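With the sequences and hints as input, model every part of the structure.
Counting in the UniProt record's numbering, the sequence shown runs from 1 upward without gaps.
Because the hints were derived from the structure by calculation, they are not lab data. Warning: the hint list may mix true and false statements.
Unchecked claim - List of simulated lysine-lysine pairs, DSSO-like, C-alpha gap at most 27 Å: (1) LYS314 / LYS215; (2) LYS316 / LYS222; (3) LYS30 / LYS148; (4) LYS313 / LYS367; (5) LYS316 / LYS254; (6) LYS207 / LYS158; (7) LYS208 / LYS167; (8) LYS302 / LYS340.
Said to hold, decoys possible - Now the in silico label distances, taken between C-beta atoms and shown as ranges: (9) GLU7 / LEU62: 28 to 36 Å; (10) LEU62 / GLU25: 28 to 36 Å; (11) LYS340 / LYS215: 37 to 45 Å; (12) LYS130 / LYS29: 35 to 43 Å; (13) ASN290 / GLU156: 27 to 35 Å; (14) GLU332 / ARG112: 21 to 29 Å.
This one's a predicted model, so the numbers in the text were calculated from it and none came from an experiment. Ideal Cβ placement from N, Cα and C applies to all residues, glycine included.
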Amino acid sequence: MLKQLLEKCEDIALNPKKYVCDYIEKSGKKAIGMIPVFGPEELVDAAGMFPVGLWGGYNVKLDLSKQYFPAFCASIVHAIIELGLNGTYNMLSGVVMPGMSDTLISLSQNWRSGVKNIPSIFIVYPQNRKLDCGVEYLVEELEFVKGKLEAIRGSEIKDEEIQESIKLYNEHRALMREFSMLASSHPNTIKNRDRSFVFKSAYFIPKKDHTEMVKQINEELKKLPEEKYDGKKIVVAGLIFDDLNILDILEQNKIRIVGDYLAHESVQYNTDVPEVGKNALERLANQWKNIEGFSAAYEPNKLVGELSIELMKKTKADGAMFAQTKFSDLDEYDMPLFVKDMRDAHLPVLAIEVDQQDANSEQIRTKIQTFAEML
1 MLKQLLEKCE DIALNPKKYV CDYIEKSGKK AIGMIPVFGP EELVDAAGMF PVGLWGGYNV
61 KLDLSKQYFP AFCASIVHAI IELGLNGTYN MLSGVVMPGM SDTLISLSQN WRSGVKNIPS
121 IFIVYPQNRK LDCGVEYLVE ELEFVKGKLE AIRGSEIKDE EIQESIKLYN EHRALMREFS
181 MLASSHPNTI KNRDRSFVFK SAYFIPKKDH TEMVKQINEE LKKLPEEKYD GKKIVVAGLI
241 FDDLNILDIL EQNKIRIVGD YLAHESVQYN TDVPEVGKNA LERLANQWKN IEGFSAAYEP
301 NKLVGELSIE LMKKTKADGA MFAQTKFSDL DEYDMPLFVK DMRDAHLPVL AIEVDQQDAN
361 SEQIRTKIQT FAEML
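Written as structure tokens, this is what we have:
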């Protein structure tokens with residue numbers, strides 16, 4: 001049973017377009033793309049539409065994107081606009097774009113100019129997010145997104161519908177956190193690829209379906225005794241770390257990922273939407289206020305290193321790794337501080353540069369082999 005569930009997650013993660021198009025065809029519902037790094041998926045779900053994560057892709061031939069972005073731009077963004085321009089995303093009825101970095105702000109303008117058939121909905125997440133005025137500002141931004149989604153849907157999105165979606169999403173978040181901990185205590189059963197596929201598949205099927213799948217995976221893992229791993233265990237941080245080549249290199253060097261502070265994975269699930277708030281939109285705004293250890297959410301004392309050290313203790317990890325997305329200003333600010341925190345705590349740490357356009361991972365292989373020997 002567990003094997004079949006993990007294989008299903010793998011199939012979804014490796015064939016996203018097939019699953020998205022199948023769902024649109026069978027359900028007759030519209031799909032809305034969610035551009036990284038974070039977005040109000042609950043609003044899309046409440047509108048009766050299907051939020052689809054757009055995190056670039058591997059083996060994407062860049063051609064049209066070069067008219068809009070220079071070479072020194074994060075490959076995720078290059079891939080997103082390329083797939084928008086070449087028609088791969090034509091099944092979408094809109095995209096929600098958060099302006100969380102200079103490059104993402106440029107993406108919103110370039111999208112408007114180049115991908116005219118898919119409307120974009122821009123949202124600004126405030127950086128003064130702990131202040132009441134920041135929460136009020138975000139409520140206004142969410143109102144704007146809600147209005148745009150209502151225009152696509154053709155009717156009003158009621159507060160109760162958003163509350164229902166929040167309930168579903170919070171349940172999904174709790175199950176994903178539980179999965180991450182169960183995976184860390186079953187390192188022989190849940191390999192690096194398996195863990196990555198469970199997280200990645202969440203972007204390409206409706207949350208209700210993914211919630212059921214993860215619930216079943218967790219139940220199956222609970223039946224198994226805790227496992228001892230004969231290699232080394234690590235915690236990973238950064239924006240995204242789903243490159244199968246690098247996951248396999250870790251596997252070959254007997255290094256198992258047992259936890260993460262990745263924007264693409266656990267950061268999406270660490271913080272529930274709180275009960276606090278006079279309506280659903282205020283509850284969503286308060287979630288942004290509470291997020292920690294996330295490079296796109298301003299915190300003057302950068303907690304990602306500190307939080308990763310806590311996670312290492314919890315998961316009994318032997319070391320830490322920072323996967324820095326090439327040309328990502330968000331990661332470039334976080335990486336040196338993360339490495340410093342680890343070294344100050346006398347913990348083994350490795351920083352590598354990842355790029356969706358770079359298929360040559362020999363340099364990374366050498367670094368990982370050396371790191372494995374150090375551990």
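(request) With respect to the beta-carbon atoms only, verify the hint that GLU332 and ARG112 lie 21 to 29 Å apart. (result) holds, 27 Å
(request) Determine whether the Cβ-Cβ distance between LYS130 and LYS29 falls within the hinted range of 35 to 43 Å. (result) Holds - the Cβ-Cβ distance for LYS130 and LYS29, about 36 Å, lies within 35 to 43 Å.
(request) Take the C-alpha atoms of LYS208 and LYS167, compute the straight-line distance between them, and say whether it is at most 27 Å. (result) Since the Cα atoms of LYS208 and LYS167 sit roughly 11 Å apart, the hinted pair holds (cutoff 27 Å).
(message) Checking one constraint from the list: CA of LYS313 to CA of LYS367, max 27 Å. Satisfied?
(response) holds, 24 Å
(request) With a cut-off of 27 Å on the C-alpha distance, tell me whether LYS314 and LYS215 pass. (result) holds, 22 Å
(message) Please verify whether LYS316 and LYS222 have alpha carbons no more than 27 Å apart.
(response) Holds. LYS316 to LYS222 sits at ~19 Å (cutoff 27 Å).
(message) Between the beta carbons of LEU62 and GLU25, is the distance compatible with 28 to 36 Å?
(response) Hint holds: Cβ distance 29 Å, inside 28 to 36 Å.
(message) Quick check: does the Cβ-Cβ distance between ASN290 and GLU156 fall within 27 to 35 Å?
(response) About 28 Å separates the Cβ atoms of ASN290 and GLU156, which means 27 to 35 Å holds.
(request) For the pair we were handed, LYS316 and LYS254, check the Cα-Cα distance against 27 Å. (result) Since the Cα atoms of LYS316 and LYS254 sit roughly 16 Å apart, the hinted pair holds (cutoff 27 Å).
(request) Starting from LYS207, check that the Cα of LYS158 is at most 27 Å away, please. (result) Status holds; Cα separation ~19 Å.
(request) Would you mind confirming whether the straight-line C-alpha gap from LYS30 to LYS148 stays at or under 27 Å? (result) holds, 14 Å
(request) State, for the Cβ atoms of GLU7 and LEU62, whether the hinted interval 28 to 36 Å holds or is violated. (result) holds, 31 Å
The structure is consistent with each of the numbered hints, conforming to all of them.
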